[in-house]
Every structure is written in structure tokens, then in C-alpha cells.
Amino acid sequence: MSYPPSIPRKFWGVDFNSPVMLASGTAGFGEELLDLQCLSGVGAVVSKAVTFKSREGNPPPRLLETPYGLLNSIGLANPGVHHVLEHILPVAADLPCPLLINVAGESVEEFASVVSVLEESRVHLGYEINVSCPNVADGGAAFGVDPEVVLRVAQGVSRVTSRPFSVKLTPNGGDMVQSARAAVEGGASAVTVCNTFLGMQIDWETGRSILKRKVAGYTSPALLPLVVARVWQVSNAVSVPVISSGGVSKGEDVLQLLAAGARMVQVGTRLMRRPFAAGELMAEMKKLTGE
Amino acid sequence: MSYPPSIPRKFWGVDFNSPVMLASGTAGFGEELLDLQCLSGVGAVVSKAVTFKSREGNPPPRLLETPYGLLNSIGLANPGVHHVLEHILPVAADLPCPLLINVAGESVEEFASVVSVLEESRVHLGYEINVSCPNVADGGAAFGVDPEVVLRVAQGVSRVTSRPFSVKLTPNGGDMVQSARAAVEGGASAVTVCNTFLGMQIDWETGRSILKRKVAGYTSPALLPLVVARVWQVSNAVSVPVISSGGVSKGEDVLQLLAAGARMVQVGTRLMRRPFAAGELMAEMKKLTGE
Amino acid sequence: MSVIRDYDCLVKHSEQVLPGVIRIVFECMEMVSNALPGQFVQIEPSTGTFPVTRRPITINRLTDDGFELLFDVVGRGTELMGEMRTGETVRILGPLGRGWMVHPDSTWLLVGGGLGAAGFQFLIDTVGSAKVLIGASSSRRVIPLESLSCTVATEDGSTGETGLVTALISRDLLEEADSIAVCGPVAMMEAVWNTIPSMYRDKVQVSTESRMGCGWGVCDGCSIPVSSGGYKKCCKDGPVFPGSDIDWKRWKEAGL
Amino acid sequence: MSVIRDYDCLVKHSEQVLPGVIRIVFECMEMVSNALPGQFVQIEPSTGTFPVTRRPITINRLTDDGFELLFDVVGRGTELMGEMRTGETVRILGPLGRGWMVHPDSTWLLVGGGLGAAGFQFLIDTVGSAKVLIGASSSRRVIPLESLSCTVATEDGSTGETGLVTALISRDLLEEADSIAVCGPVAMMEAVWNTIPSMYRDKVQVSTESRMGCGWGVCDGCSIPVSSGGYKKCCKDGPVFPGSDIDWKRWKEAGL
Ligand SMILES: Cc1cc2nc3c(=O)[nH]c(=O)nc-3n(C[C@H](O)[C@H](O)[C@H](O)COP(=O)(O)OP(=O)(O)OC[C@H]3O[C@@H](n4cnc5c(N)ncnc54)[C@H](O)[C@@H]3O)c2cc1C
Ligand SMILES: Cc1cc2nc3c(=O)[nH]c(=O)nc-3n(C[C@H](O)[C@H](O)[C@H](O)COP(=O)(O)OP(=O)(O)OC[C@H]3O[C@@H](n4cnc5c(N)ncnc54)[C@H](O)[C@@H]3O)c2cc1C
Ligand SMILES: Cc1cc2nc3c(=O)[nH]c(=O)nc-3n(C[C@H](O)[C@H](O)[C@H](O)COP(=O)(O)O)c2cc1C
Ligand SMILES: Cc1cc2nc3c(=O)[nH]c(=O)nc-3n(C[C@H](O)[C@H](O)[C@H](O)COP(=O)(O)O)c2cc1C
Ligand code: FES
Ligand code: FES
Chain D
69 MSYPPSIPRK
79 FWGVDFNSPV
89 MLASGTAGFG
99 EELLDLQCLS
109 GVGAVVSKAV
119 TFKSREGNPP
129 PRLLETPYGL
139 LNSIGLANPG
149 VHHVLEHILP
159 VAADLPCPLL
169 INVAGESVEE
179 FASVVSVLEE
189 SRVHLGYEIN
199 VSCPNVADGG
209 AAFGVDPEVV
219 LRVAQGVSRV
229 TSRPFSVKLT
239 PNGGDMVQSA
249 RAAVEGGASA
259 VTVCNTFLGM
269 QIDWETGRSI
279 LKRKVAGYTS
289 PALLPLVVAR
299 VWQVSNAVSV
309 PVISSGGVSK
319 GEDVLQLLAA
329 GARMVQVGTR
339 LMRRPFAAGE
349 LMAEMKKLTG
359 E
Chain G
69 MSYPPSIPRK
79 FWGVDFNSPV
89 MLASGTAGFG
99 EELLDLQCLS
109 GVGAVVSKAV
119 TFKSREGNPP
129 PRLLETPYGL
139 LNSIGLANPG
149 VHHVLEHILP
159 VAADLPCPLL
169 INVAGESVEE
179 FASVVSVLEE
189 SRVHLGYEIN
199 VSCPNVADGG
209 AAFGVDPEVV
219 LRVAQGVSRV
229 TSRPFSVKLT
239 PNGGDMVQSA
249 RAAVEGGASA
259 VTVCNTFLGM
269 QIDWETGRSI
279 LKRKVAGYTS
289 PALLPLVVAR
299 VWQVSNAVSV
309 PVISSGGVSK
319 GEDVLQLLAA
329 GARMVQVGTR
339 LMRRPFAAGE
349 LMAEMKKLTG
359 E
Chain H
2 MSVIRDYDCL
12 VKHSEQVLPG
22 VIRIVFECME
32 MVSNALPGQF
42 VQIEPSTGTF
52 PVTRRPITIN
62 RLTDDGFELL
72 FDVVGRGTEL
82 MGEMRTGETV
92 RILGPLGRGW
102 MVHPDSTWLL
112 VGGGLGAAGF
122 QFLIDTVGSA
132 KVLIGASSSR
142 RVIPLESLSC
152 TVATEDGSTG
162 ETGLVTALIS
172 RDLLEEADSI
182 AVCGPVAMME
192 AVWNTIPSMY
202 RDKVQVSTES
212 RMGCGWGVCD
222 GCSIPVSSGG
232 YKKCCKDGPV
242 FPGSDIDWKR
252 WKEAGL
Chain A
2 MSVIRDYDCL
12 VKHSEQVLPG
22 VIRIVFECME
32 MVSNALPGQF
42 VQIEPSTGTF
52 PVTRRPITIN
62 RLTDDGFELL
72 FDVVGRGTEL
82 MGEMRTGETV
92 RILGPLGRGW
102 MVHPDSTWLL
112 VGGGLGAAGF
122 QFLIDTVGSA
132 KVLIGASSSR
142 RVIPLESLSC
152 TVATEDGSTG
162 ETGLVTALIS
172 RDLLEEADSI
182 AVCGPVAMME
192 AVWNTIPSMY
202 RDKVQVSTES
212 RMGCGWGVCD
222 GCSIPVSSGG
232 YKKCCKDGPV
242 FPGSDIDWKR
252 WKEAGL
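Protein chains in written order, with my numbering: chain D, 69 to 359; chain G, 69 to 359; chain H, 2 to 257; chain A, 2 to 257.
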């Protein structure tokens, strides 16, 4: 890479117009983005997680703001793959940018099952395979912490689709570099680095956590250095492009992640405050790079 | 535990006067603390890491402040165990509180060798075994990510000392709960949760990291939820007390970590800004709990 | 459906109307032509990095060239909002959510608890005439309302009747109303719901609250347990729901 | 050894002396009786949470009841420090480090580059008489110094001689001096060091800089590469070192 970097606009051979992707779980399936007309600067949308059956998600409250970030405990709430295929993807067809569908599961097989069903649609470009969720069938640790399991999940997905897919890794245990290599071996066309870091807040007076599941996903602009380090480590170890996820709130942050080796950069929590974040980030980047 | 918690003052059966410990690497060996007279509120001091041979540490710059935290790349700089024994511990004997010596190594055997040498001194109460450093003899990953290696390190240390020791775990890979269990099986009297999270900052204009080793240890008050979650997970899984390390900047943070299951709470980066942090934290806690 | 936009709104006026309760008037013509009673806005409390989300506040009323909010200072976000001064510009997303289902010519009964009555003014101004019942802990928590008919109950008796708002609800009032709007803390709303005999419950709409991420339906963070099982989104399906939609038991368990 | 304490210091005066260069005068009697020339203090730039470390600044001079700092606004910390106003109280740790080794009755030659000359005033005030050579990019970077003998060179010729400070160093000056104090950017200090013939190098002391964590010797973050191999601590073993102690090659590699 040459420095200062130019703003990349192509990915997987497709024109993305922008390196900024909206992160899974923070942009729905894109329908609301159409209503709000906040798609300027969006390179691609990643849908919220889709599982085979519908999931009502975790009991409320599901969000808790901490002094420097946000804890979320959504619990993969979604209407299930068949509902998504029939009722949501047709609406998402109006998106002016590519859509990736984030796929989750509780067993190695579920990922491929979900993808098989979605293969009927022509709306989406590809998938993001979310191996950060707990492997219910196999003890409850996240799939992503075991490279052997990541390999099997990726192989399963490769078998049922020829679309590109990224495997979204977890930073909570295991060896991310090994898991990334396993994803590539299994046929992944990219890896996403990374899902949320486990976090928790307890009320010291009562000893209780406000979020019922206690441990939740923590996001914060202060986590940027953690994501930069992991993007750098993984992008130096694998041949497929790395999509970064986490810590972005300024145009400078996107440029830093690109410099660290990311090819696309997701933004999530920032959208909670700035629905038009993608356009704002692009404007800031153009100003900084003089493009 | 009953809530709101009372401020604990005993640990390992010893009177610590305060649950606040000064974290390894942020308080030297305690000599400077005597000069500065900033020991009020300090339950115990953990020394900087000691290795068998002297280590000059990483090339400068070793510190880089980021918008929300600090990256450090000290590289275990220390004069070696024999120098520590002969020249530093005699001075540290004047400390009015217990001293734990943080021990690092590049091979499983080095930890026990360092401890053996230190056994000659009566100055320190016990050890903190730092398995977060890279296992040079065995591929370079941190010792702490492999429970089997943690077990062997702890067993080695148990063999050469009857003093209490804590094993300081790493959050950068592996399964912290498994490593904690291994430490206890190997004879650890506590576990410290946890060492610094890997982080990095890159200058996007040049693509370069200011710190020569590129990836460094990241600390920030914004990481508190990450530490709370890990303390909660580990303290629910092991029988020995958990010492927390990371994210503390306010008295409330200490109380939250105690509520999460910590029995002692380390403070590190906060000392960079507030040498008298321990006393300040104690005062804030007393105000909050009405003690 | 109203058009949601992210506006830079000028603060025209800010004042403390009750201890710890702030009223801010913003300039924003587009909101005047778009907003419906019961809708809310998402306010950016600070131009700094933290907090990382906005704060949802119900539109209390429209003004000639903008709108007015009334809120309680309860934490960091509302504290920062209380410091907003005339002349400042604030980022505000709105109007958001589904407000009160307003049937033309219907007779309204409004039951509010404390700051829950914030937003009633817009409804009163829209429906023309309404009977309003307000409950509060004390006179220091009774927000000002311009209404032809307003009865107040305070727990400490410092103004109006002494007691809870539920005591003000009579069969006559329930009978007479075509629509009943309830807004306040969860426990108060449940008490009102339980006070209302089932034959009148179809008339009841309640305005819910939840911790919010986005405020416009993308994050699934604001779930309200509904009686058909599962959840609906406070920000998009609500905040106003038919009272019968709510699963009161599970909602109370949320401990919001 | 001087007694280090953490003081709440009152800002008595703050002004911009050159574009982007601020002078702040603090009240602190204890510093007057304790500080030595070349020592520094650690300033807490904000009462908020960030930045997480303090900022090291050399004591430019003592006043009757306190001390004065002179600093460049180069980043977030110094920006916040530039906003400190008369009447505010600031947390300051000091005096820190080892200053100039001042031999009584010695004749001094002071060679400063830009803001590196901050701190020379205290030395001049202490040693009585000294010859001062200052190099800067332009007149806008020449800090005010009260000295009987001060020669300036600017790169753009806007004041004094045109050229680098090394051109002002003559054999006569080196011969005449018992002690030579050098302070400025690393590249400037190395150029000065290389300009000085080895026979005079024993007289040279240099004041170093490094990114600091603690400032009082506990974190090992501020290492300066020394010619005997390994590192010394800028904050405790320095910031002033004999010139011959420095490993210039490794220090430049640090790219500080
Ligand atoms: C649709 C909607 C409309 C609202 N309208 C009004 C209004 O008109 N006037 C008014 O005073 N308040 C209103 N609220 C509540 C208001 O949003 C919260 O009081 C505010 O977000 C608290 O922010 P904070 O940073 O000050 O508090 P925090 O420091 O975040 O928390 C302080 C307390 O407020 C509670 N809280 C935090 N966030 C929310 C939230 N999103 N919803 C409910 N409670 C929360 C917490 O449980 C906590 O007890 C509304 C909430 C919703 C969802
Ligand atoms: C012992 C000592 C004495 C000093 N005395 C003075 C003085 O009298 N006047 C003065 O203007 N400056 C002095 N400095 C430099 C001053 O400390 C830095 O300019 C300041 O810390 C920068 O803080 P910042 O947050 O504004 O910059 P940052 O945003 O942190 O960084 C901006 C730039 O400053 C550099 N920098 C950051 N921290 C340091 C540091 N600790 N030391 C050196 N460079 C740094 C960085 O490389 C970067 O290029 C001294 C430094 C030391 C170590
Ligand atoms: C409210 C919320 C919901 C999320 N849901 C999902 C999800 O369904 N699937 C997934 O892979 N990641 C999910 N994430 C993680 C984000 O996609 C993203 O990786 C993470 O938030 C880090 O990026 P950020 O720092 O920009 O927020 C969610 C994050 C948030 C805040
Ligand atoms: C400058 C610095 C040096 C450190 N050196 C060591 C060390 O030698 N051994 C060790 O186990 N941890 C070391 N740490 C980690 C701290 O002991 C502590 O675990 C970490 O900083 C988290 O706590 P904090 O958030 O309060 O800083 C160091 C941390 C810092 C900031
Ligand atoms: S707050 Fe995000 S969906 Fe309702
Ligand atoms: S700055 Fe900490 S040892 Fe020098």
C-alpha cells in the first residue's frame, strides 16, 4: 500500500463507491435507510443477523450506555430466514448499494442451511458469517474461538453458495489469526475483524447487572486501537481482504484502519448517534486526503 | 457477597488496609513511592516485571497517548533478578505495605528460576506470575493462552516457593476461564484479571506505527466494562480470589469491580496522572459507601 | 407517514419550569408541518464524543416556527441538554415513531403521571377538547398544561386531591371518552390499566419508553414485550401502543 | 534532592508571547524554595478524564511566589493548557528530574533551539552571567530572554544572523565557557554536539525530551539511549545529561 492511501472504492471486484460499510445489527436490513435517505457514502449494508428459525431476542433492556461506550444484548432477534427471504429482501432490493446478509447459527450446520434458503434471492451480493455467537450444540463457546469449527462452518457455506462471503471473527478468546486462516481455507472471500468485545456493567450498590444476560457486547470509539491491532495482525496473515469492524467515529479512523490493512471499514455504533455517518465519514476523508 | 459491599481490607489472610493494589509496571519497585510519600491508601505494591537476566527493554518511544487511552511498549525492561535481590529489595523493605513481585519469563522454566532466586529475600509477601509475555521458547504466543502451559508454569512456581502467588492472565486470545482453572490447579493462590489488551495506532499518512514494536499494550478507563466482564466470568469459575487489573479511574470503578467478584483491585494507568490515586480512590469509596 | 430528517435546530429559549425540569423551545419549521402528537425526537446531547447515543424526548407541543420539549434532568445526557442555551444549534432527528391514534371528533381522556404528561399539550392542542387527569408526587412535579379541564392529584397533597391518579378515574369519565391516553412510569400505567374495567380497555392507548439506540428502527434495542408474545419496537411500532398490546408482566420485569 | 509534591497551583497570569507560544505564571511558594534550573513539572491539562497522562514542561523561571512556564501549543494537551485562565487551579507535580549541574562561579555558554530555550531563563537567573546563543526558524519562534548577552540566528533571517545556531558557535566561546548547556530539538542538539570539537565536549550538558508516563521514575516509559548501552530515564536520571552520555544515533532513530 502507498501512503497516504487513496480512498478505495472497489471490493470483491464490485464497485462499492465507498469503503464504508454499515455494520450488522446497526442498520436493520436497509429498509429504514431508504426511508431516511441516509445512504449517501454507504459502500454496502450488512444486514442484522439472520438465523434459520425466528428469534425473539433477549428480554429488555437490551442496551445500556456506559460512560464511554455502549453495551448491547440484542440476542440475534430476527424473524427467521424464510420471513427474511419472502418479506424483507424484496424491499431491500431498492437499496442503491450492495447488501451482505449476516448469518448466525447455533450449530455448524445452521449456517449453511440459512445460506441455502437465501440463495433463492438475487437481492444480496454475499454473506457475512457471524461465528461470534455461542455454539449451543457444542458447549456454548463462540464458534469463532476454535479454528477447526470455523473451517467447518466456512466449508459448509462454500458448498451451498458461489457468492462471496466474509467470516466475522470474535475477539473474545481463541487466536484470531488462526481462525482467519481457517476461514480462508474453508473458502471465505474475506474476514471481518471483528465482532464486539464482551463487556459488562454492574450496579455496585445492588450487585446486579441491568442487562439480564449480564455479559453483553461492548462498543466504544475508545476501542479503536484494539481493532487496529487485530486488523493489522490478521491482514498480515491472510491473503483475502480484511473488513474492519469496530471503533470508528471519525474519517481519520477509517483512514487509520485502511492503513492498518483493512480494505473495507464498517461503522456501527456511530450510526446510533449519526444516521448519516457514512456520508459524514466520506466527507471527512476527502478533506483529509485532499481527494 | 452482600450489597452494597463493604470495603475489604484483608487478603490472603494478611491485613492489606485497602483493596487497592498498584499494578505492575506503574509503580517501579516501590522505592519512588517512598520518596513521593504517596503510599496512603495503597493495599499492596506489585513490582514491575522481573526476569532472570537483565533486559534493556524496547527502543523508544515506549509510550503513546491515544485519544482515549495509553499504548505502552516497555518490553519488560528490568535489571535482572540478581540485581533486584541485592540492590532493590533492601530499599523496598521500607514499604509500609506488602510487596508482590511480578515475574516474567521467556520459557516455562524461567519463572521458577526467578522465583527461586527471590526466595532468599524476606521483603516480599508473594508473587504475581505474568504469563502474558511471549513464550519465546515455544513459538512466541503468550504463555497465558494455553491452559496446559499455564498449569506447568504454576506448578513450577509452586515447587520452589510456599509464598502465595497470583497468575496474571492475558485477555489476548485463549480462554481466560480455562487458563484461570489451570493456574489454580497448578497451585496459584489467586488470579489477576487481566493484563493489557493488545492495541495499536498507525499514522495513516505514512502507514507507520510510532511505537517500534507496532502492537503494544493498551489501557484506558473506557476498557472498564471489558475488565468487569472478565472478572465476573473468572470469579464465578474459580475458588481462589480474583485480583482485577484494568480500567480503574474512580472510587466507583473499584466498587464495581468488587461487586463483579474481585477481592483486590489494581490501579495502573491512573497513577500516571495521579500518583496519589490509591488514597483518592479510598476517599471516594468511603464517601460512596458511607464508611 | 411523516418525513424523518436530521435537523440543526436553533435553541430559541431554555428555562427551568420546575425543580430539575427543563423546557427548551427549538426553531424548526419542518417539524411544524410534519410532527404528530405522541411522536418524539432524538437529541444529540453534546458535540463531543460522549455520550455515544442520542436521547429520546417526546414533542411537548408545536410552536409557530418549531417545537418545545419538556424533560427531567436524570443523568448525564439530560444534564448536558439542560445546559443548552439560546442561540446554540443542536442536532435533532425527527419526528420519530407512531404517536396517538387520533380519531376525528373523538372525546379524549388523558391520564398522565409526572413527567409522563410531557407531550399531552400537543395532543390537547390537536384534539381540541380533552379531560386531563394528572398524578404526581408533589406540586413540584406537576408540569404546566394549558387545558380547559385538568384535575390533579398529588401523593403529598401539596396541590389538588391527595392520593394517586387512579383515584381520579371515574366510570363516568371512562364512559364519556372515546379515547383514553395514558403516559407515565410503567408502574403508574399498569395501575391505571388495572383500574380500568375491561369493557373500556379498547379505548386505551399507552405511550411507552425504553432505552434507545437508534430511535428509527434499525438496532432492535428498544423492545417492548407485547401480549401476543415477543416484542415490538418502542421507537418504530410505538412509542404509543393500544393498551391491550402490552404484556405488563414482562414489561415490568424489564425494570426500566 | 528536592522534595516532589503534587500541588494545586493558582494561575496568576496567562498570555500568548509568540504565535502559538503560551506563558503561564503559577503561584506556588514551595516550588520557589525547591526547584532547580533544568527541572520540570508534570501538568494535568484537564480536570476531565482525557488525556490520561500529564504533560511535562520545563520551569522557565521562578517568580517571587511561584514559577513560570513557556510552551508551544502542539497537540491536545498543550491546547488545553493554553486555555487555562487566571484564577483557575491546576494540578502540578514537581519539581521533577535532575537539572543542569551548576558549578559555582563557572562561565556558561547556553545554546538553544526554538522552544528549547524555554528554561534557560531560570539557569541565567541562577548562574548570574551567561552567554546565550539562540537558533530559530524565524523571529516568530525566538522566545523572550532577559540576558546581558544573547545572540540570535534565524533560518529566514527575520531577526539576528541568517542561518543555523551552529554557525554562532565559535572556538572562543567554547574555550571561554566552563559549562555548555544545550537544549532544543534532537537534530539541532546533535548538530551542535557535532560542531563542538571533542576537546570541549566534556563541558557539554544537554537537556533531553521523551514522551512521559509518570514523570517520577516508576513506569520506565521515557527511556533515552545512552552511549554505555541501554537506556536512562529522561524523567529521573535526566532530563539533563552530560552530552557524552547520549547515544545520538539510537536517539535519533527513536524519531521523537
Ligand atoms: C420515546 C421516549 C420519549 C421520552 N420522552 C421524554 C420526555 O418528554 N421527557 C422526559 O423527561 N423524558 C423522556 N423520556 C425519557 C428520557 O429519554 C430519559 O430520561 C433520558 O434518555 C435519560 O438520559 P440521561 O443521559 O440523562 O440518563 P442516563 O444517565 O442514561 O440514565 C439515568 C436514568 O434514566 C433512565 N433512562 C436512560 N435512558 C432512557 C431511555 N431512553 N428511556 C427511558 N429511560 C431512560 C435510566 O434507566 C436511568 O435510571 C423519553 C423516553 C422515550 C423512550
Ligand atoms: C522534560 C521535558 C520538558 C519539556 N519542556 C517543555 C517546555 O518547556 N516547553 C514546551 O513547549 N515543551 C516542552 N516539552 C515538550 C512537551 O512536553 C510536549 O510538547 C507536550 O507534552 C505535547 O503535548 P500535547 O498533548 O500538546 O501533544 P500531543 O498531541 O501528545 O503530541 C503532539 C506532538 O508533541 C510530541 N510530544 C508529545 N508528548 C511529548 C513529550 N512528552 N515530550 C516530547 N514531545 C512530545 C509528539 O511527538 C507530537 O509530535 C518538554 C518535554 C519534556 C519531556
Ligand atoms: C446494537 C448492535 C447490534 C449488533 N448486532 C449484530 C449482529 O446481529 N450481528 C453481528 O455480526 N454483529 C452485530 N453487532 C456488532 C456490529 O456489527 C459491529 O461489529 C460492532 O458494533 C463494532 O463496530 P462499532 O464499534 O462501529 O459499533 C451489533 C452491534 C450493535 C451495537
Ligand atoms: C507503563 C506500563 C507498564 C506495565 N508493565 C507491566 C509489567 O511489567 N508486568 C505486568 O504484568 N503488567 C504490566 N503492565 C500492566 C499493568 O500492570 C495493568 O495490568 C494494566 O495497566 C491495566 O491496568 P490499568 O488500566 O489500571 O492501567 C504495565 C502497564 C503500563 C501502563
Ligand atoms: S431504538 Fe433502535 S430499533 Fe428502536
Ligand atoms: S516517565 Fe515514567 S519513568 Fe520516566
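In case anyone wonders, no lab produced these hints; they're calculated from the structure. One or more hints might be untrue.
Computed footprint of chain D on chain G, listed as stretches where at least three residues anywhere in the stretch have a Cβ under 8 Å from a Cβ of chain D [claimed, not checked]:
1. 75–82
2. 225–236
3. 263–269
4. 323–336
We put the beta carbon where it would ideally sit given N, CA and C, even for glycine.
Status of each hint after checking the structure:
1. Only when three residues or more bring their CB closer than 8 Å to a CB of chain D does the claim for the region 75–82 of chain G stand; here the count is 0, and the claim is violated.
2. Check on the region 225–236 of chain G: 0 of its residues sit with their Cβ under 8 Å from a Cβ of chain D, so the three-residue criterion for coverage is violated.
3. Counting residues of the region 263–269 of chain G whose beta-carbon sits less than 8 Å from any beta-carbon of chain D gives 5, enough to reach three: the coverage restraint holds.
4. Residues of the region 323–336 of chain G lying with their CB closer than 8 Å to a CB of chain D number 5, which satisfies the three-residue condition for coverage.
Violation of the numbered hints given earlier is confined to hints 1, 2; the remaining hints are satisfied by the structure.
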